[in-house]
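Undergrad: Sequence:
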Amino acid sequence: MTQFILNDKMVQSSEPAGSTLLDFVRYHKRLVGTKIGCREGDCGACTLLVGEFINGAMRYRSLTSCITPLGNVHGKHVVTIEGLNMDRLSPVQKAMVDESGQQCGFCTVGFIVSMTGECLSDKSPSLERMISSIDGNICRCTGYKSIERAAALIASSLQQKDLSDPIAWLVHKGFLPTYFSSITERLTKISRPSIKKGLILGGGTDLLVQKHDEVYEASVGLMADQNGYHGIARGADHIVIGGATSTTSLLESSLMRDLFPKLYQHLKLVSSTPIRNIATVAGNFINASPIGDLTAFFIGINADLTLTHPDGRDRQMRLKDIFKGYKILDLEEDEFVSKISFDIPDANTYFNFEKVSKRRYLDIASVNSAISISVKGAYISNVHLSAGGVGPIPTYLAKTCRFLEGKPLNSETIQQASGIIESEIKPISDARGSKEYKSLLLRQLFFAHFVELFPERVKIMELV
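408 is the number that this note's numbering gives to position 418 of the sequence shown; each next residue is one higher, with no gaps.
Treat the hints with caution; some may be incorrect.
With a Cα cut of at most 30 Å, we get these calculated BS3-like pairs of lysine-lysine [said to hold, decoys possible]:
(1) Lys317 with Lys389
(2) Lys258 with Lys449
(3) Lys258 with Lys(-1)
(4) Lys425 with Lys258
(5) Lys389 with Lys252
(6) Lys258 with Lys179
(7) Lys449 with Lys201
These aren't lab readings, by the way, just hints derived from the structure by calculation.
Given the sequences, and given the hints that come with them, work out the whole structure.
TA: Here it is in structure tokens:
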């Protein structure tokens, strides 16, 4: 039984945990303001807000309900556009009307919900953050400039927001209905579910697209809210990340940003805000896509996995070793990734991630690559290098790494290493580009790693 608060009402459902939140709110509760668009999480027409009590405060995030398992909202507050409506327009709604941002109206609900979600953030308001909050919403009327003007008005109206208690401030200023003030107390009456045996499901952002019917009919074990499977912690010399940690939590982690100062720039183009809010780190690995961005990132830092069996057994494995063939993993039946860990880089270790895709937002990579490189004096002492999109599995370029270790860090070494890369990859021609294009692209991304990290030692003009 799934129990949660839907707008201002406590609801219970015996629908399968693997069914979608979108279908529940539209077909079972007739809240049809939430639209059906792509059913793949791309268009944002089905965007909802989901709030939960975390570390002593309510925290709300936008998500695409078409790929959200119903069971994942147990014990949470789900908000549709109907739950935001009052007897007058909120400042978000009014800004869209005043700037003619509604166009045909089909996508409008998703934009309003996404921007209201950003209003609920405990971060300092800015136009950049407001624009980023709608990176998962598509307007097919191409009315983006009017929507951007509306976003600017909203961001401006938030400058005096009380970050210590944003909900109270937003209720007082008419952004939210008054019932939001009582949600925290009401949620405490819902017990946390235990993980069940069956198909292990994290965020569901891949499986509910690729295997919707199979997930709907399966007995589902939900990881997203289970203790021990999410969060980021620092040990004496390593970092541990719960397998069910969301991509947004990864991007917002001060711990990760301290270790990787350009983390946001590296990964901000992974899917979109509402998908990142529910997609899990381990899910990106277990999807087994040859071009998973997080997979390339974590292979590049030589991450380890803890694989857990429901009977309590654990085993360790390098992430790079779990891929055995296209969509084939070295996993036992019912085994899942419970933790990801990696060594904390020292002051002489540098990291970079590169991705090229056909679209800027909401697109998978044509080719991606990550590198972690340690330098001692003028020489390369250790290196880990990954590549995606150039073979049937995410590729760890072992021969290239071995060649680079102990070599002087200069343009000649990098040029020589690029030839070894050619022998380690097996790109194919597909919709993302010809095999020749992908091979050339990886070479250029390999060069980009060194030009970005060591501009004084490696000159771009010496590599072309």
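Undergrad: So which of the earlier hints does this model not fit?
TA: 3, 6, 7
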